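Protein chains in written order, with numbering that gives the first Met the number 0: chain V, 0 to 304; chain P, 0 to 304.
Among the hints, a few may not be true.
[As the list claims (entries may be wrong)] Keeping only pairs whose Cα atoms sit at most 35 Å apart, straight-line, the calculated DSBU-like set for lysine-lysine is: (1) P:Lys294 to V:Lys250; (2) P:Lys22 to P:Lys74; (3) V:Lys250 to V:Lys294; (4) V:Lys294 to P:Lys190.
[Stated by the list, open to error] Covered stretches of chain P (in silico footprint by chain V; criterion: 3 or more residues with CB under 8 Å from a CB of chain V, positions within the stretch not fixed): (5) 31 to 40; (6) 184 to 194; (7) 203 to 215; (8) 252 to 260.
The hints are simulated quantities; they were obtained by calculation from the structure and are not laboratory data.
Note that the structure is a prediction, hence the values are computed from the model and not measured.
Here a beta-carbon is modelled for each residue, glycine too, at the ideal position from N, C-alpha and C.
2 protein chains.
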Amino acid sequence: MSLLVTGTIGIDTVHTPTGKAEKVLGGSCAYFAAASSFHSPVRVVGAVGGDWPEDHRKVFSSFPNICLKGLEERKDSRTFAWGGRYFENMNERETLFTELGVLEEPPPQVPEEYRDSKYIFLANTHPEVQLELLSHFPDRKLAVADTMDLWINIAHDELLKLFRELDGIVINDQEAEQLTEISNAISAARKIIEMGPSFVVVKKGEHGAILVHENGVATMPAYPSDLQQVIDPTGAGDSFAGGMMGYLASKDAADFRSIQTSLAWGTVTASFTLESFGLDGLLNTTRDEIQNRMKVFQSAARIGE
Amino acid sequence: MSLLVTGTIGIDTVHTPTGKAEKVLGGSCAYFAAASSFHSPVRVVGAVGGDWPEDHRKVFSSFPNICLKGLEERKDSRTFAWGGRYFENMNERETLFTELGVLEEPPPQVPEEYRDSKYIFLANTHPEVQLELLSHFPDRKLAVADTMDLWINIAHDELLKLFRELDGIVINDQEAEQLTEISNAISAARKIIEMGPSFVVVKKGEHGAILVHENGVATMPAYPSDLQQVIDPTGAGDSFAGGMMGYLASKDAADFRSIQTSLAWGTVTASFTLESFGLDGLLNTTRDEIQNRMKVFQSAARIGE
Numbered sequence: 000m001s002l003l004v005t006g007t008i009g010i011d012t013v014h015t016p017t018g019k020a021e022k023v024l025g026g027s028c029a030y031f032a033a034a035s036s037f038h039s040p041v042r043v044v045g046a047v048g049g050d051w052p053e054d055h056r057k058v059f060s061s062f063p064n065i066c067l068k069g070l071e072e073r074k075d076s077r078t079f080a081w082g083g084r085y086f087e088n089m090n091e092r093e094t095l096f097t098e099l100g101v102l103e104e105p106p107p108q109v110p111e112e113y114r115d116s117k118y119i120f121l122a123n124t125h126p127e128v129q130l131e132l133l134s135h136f137p138d139r140k141l142a143v144a145d146t147m148d149l150w151i152n153i154a155h156d157e158l159l160k161l162f163r164e165l166d167g168i169v170i171n172d173q174e175a176e177q178l179t180e181i182s183n184a185i186s187a188a189r190k191i192i193e194m195g196p197s198f199v200v201v202k203k204g205e206h207g208a209i210l211v212h213e214n215g216v217a218t219m220p221a222y223p224s225d226l227q228q229v230i231d232p233t234g235a236g237d238s239f240a241g242g243m244m245g246y247l248a249s250k251d252a253a254d255f256r257s258i259q260t261s262l263a264w265g266t267v268t269a270s271f272t273l274e275s276f277g278l279d280g281l282l283n284t285t286r287d288e289i290q291n292r293m294k295v296f297q298s299a300a301r302i303g304e
Numbered sequence: 000m001s002l003l004v005t006g007t008i009g010i011d012t013v014h015t016p017t018g019k020a021e022k023v024l025g026g027s028c029a030y031f032a033a034a035s036s037f038h039s040p041v042r043v044v045g046a047v048g049g050d051w052p053e054d055h056r057k058v059f060s061s062f063p064n065i066c067l068k069g070l071e072e073r074k075d076s077r078t079f080a081w082g083g084r085y086f087e088n089m090n091e092r093e094t095l096f097t098e099l100g101v102l103e104e105p106p107p108q109v110p111e112e113y114r115d116s117k118y119i120f121l122a123n124t125h126p127e128v129q130l131e132l133l134s135h136f137p138d139r140k141l142a143v144a145d146t147m148d149l150w151i152n153i154a155h156d157e158l159l160k161l162f163r164e165l166d167g168i169v170i171n172d173q174e175a176e177q178l179t180e181i182s183n184a185i186s187a188a189r190k191i192i193e194m195g196p197s198f199v200v201v202k203k204g205e206h207g208a209i210l211v212h213e214n215g216v217a218t219m220p221a222y223p224s225d226l227q228q229v230i231d232p233t234g235a236g237d238s239f240a241g242g243m244m245g246y247l248a249s250k251d252a253a254d255f256r257s258i259q260t261s262l263a264w265g266t267v268t269a270s271f272t273l274e275s276f277g278l279d280g281l282l283n284t285t286r287d288e289i290q291n292r293m294k295v296f297q298s299a300a301r302i303g304e
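Using the sequences and the accompanying hints, generate a full structural model.
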């Protein structure tokens, strides 16, 4: 079933304790699209500037399931650019610079042929833009959004308006606490459900994720990675959402049990993102490898008897 | 198969954001014994003072599977006493007072009839005492110990000596990091395995637990509890270890897969401890309720496909 993502496409520069990636393809939309494409065809709505490297288009195009008809190239604009540095524990990072570029301009157009999209993911951007984009998909079956601390702080009312239109929210644990002032992830998610959506997925990084849904609660550990295996966490959350939504679109399902299973696909897909800089981890894997790793994950997270 | 625990028996006073429990039965040995007794008969080796309340013995005796022949009452000594206060998030606490009492005296005697014990748990106490007690069980099949930050700081060498004699270690994530200076739980556990034991279980509180074993890695989320359900976390870690070891003793098994399954029994058993002050959560539950909750946990932590 048709999956569509809209969000940022960026030029990322990432420093980690062990290395550096300069001006690589990044952004929430890029990670989501690459991760979801292993599970389902995916349509991209986004904008880049005239400075967008030809190489980045090639990287995008090397994922066969990604449709780039909704990718606008604005010759006289600049592409969104982000630089960050991870600390020793790989869980915390600081932003070194942000150049908004096209993100300060009107949102990208939605191609007419995309309007029948049923599974919609609004990757992190201004909630007003997310809401505007959502309005183009009247026949949607499942609309899910991500957000970030910035919007919780400066666009709280717009965020609450968006929440009322969504089926689900994917949010990290710090943001869930910031939004609700509740530190327990399950209790925070319940409070967010009162704001509108039917379900909330709280991403806890190395501690896994929880799903709180009108019809149940699910909990899942992270894929068990050694610290040595974690090379660059950038985009892991978007890859998680991509694996999740890609699975749901492929099954054309949005019930509690399917969403629970989708968390595992998100976890396993994102584990490849972590293992290399930028999109390299996803570029160098295959659907078969993802499926094999799912078996490893099921075995490691098995609860016998 | 015979399970034995040795550790502290205390008079606990606990303050939480929602209430208070004064002078209740506590200590690592008490929580472990109560939790394990749902799965296996358990022998207790410990000491209390002349001030030990008769009520506490009654609480202990109300768990039918606990043998108290190894519980020494020292008329002229004082029972170990501990007071603590939990902060709003229920994950952190401060110690208000500690009265060591019998813990400053020679360790308890091991009754002759206990010497054939096969499954040994050395709950948290001075590693020298743990090592001395361990020497009484030449026929042991599985010896596991817990420890704490204090001993990592002040008895590091004794701890390393103990580790070389053990099959397994149960440790919380902060202590694992303190011991190894590695923040990733799996990497830290691998380093601890180099110190001697065949496996390490890292307890991560609300984030679950991981098992790193010579033969594999397992990962498990916590039982999904709302903040409202968490009344008093005291003893949850010892209850977890009790559920784990009780299951292993009941199966007479200590292979990787059995230990993996035992983590789930530990998780589910400990979830009852959290829900009331002191031992009340375990006092008010039954083997059937624990088994039912295991089904709920399996369903919530299920990884489909």
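**OP:** Verify the coverage statement for the segment 252 to 260 of chain P against chain V, using a C-beta to C-beta distance below 8 Å and requiring 3 or more qualifying residues.
**Re:** holds (count 3)
Original post:
Do three or more residues of the segment 203 to 215 of chain P come closer than 8 Å to chain V, measuring C-beta to C-beta?
Top reply: This one holds; 6 residues, not fewer than the three required, reach chain V with a Cβ under 8 Å.
Subject >> P:Lys294 paired with V:Lys250 [C-alpha distance capped at 35 Å] >> reply: 26 Å, holds
Original post:
Within a Cα-Cα threshold of 35 Å, do P:Lys22 and P:Lys74 meet the stated pairing?
Top reply: At roughly 19 Å apart (the allowed maximum being 35 Å), P:Lys74 and P:Lys22 satisfy the hint.
**OP:** For the pair we were handed, V:Lys294 and P:Lys190, check the Cα-Cα distance against 35 Å.
**Re:** 26 Å, holds
Subject >> Verdict on chain V covering the segment 184 to 194 of chain P, where coverage means 3 or more residues with a C-beta closer than 8 Å >> reply: holds (count 4)
Original post:
Do the alpha carbons of V:Lys250 and V:Lys294 lie within 35 Å of each other, as the hint requires?
Top reply: Roughly 19 Å between the alpha carbons, so the hint for V:Lys250 and V:Lys294 holds.
Subject >> Outcome, coverage of the segment 31 to 40 of chain P by chain V - at least 3 residues whose beta-carbon is closer than 8 Å to one in that chain >> reply: Violated, because only 0 residues of the segment 31 to 40 of chain P bring their Cβ atoms closer than 8 Å to Cβ atoms of chain V.
Of the numbered hints given earlier, the model fails hint 5 alone.
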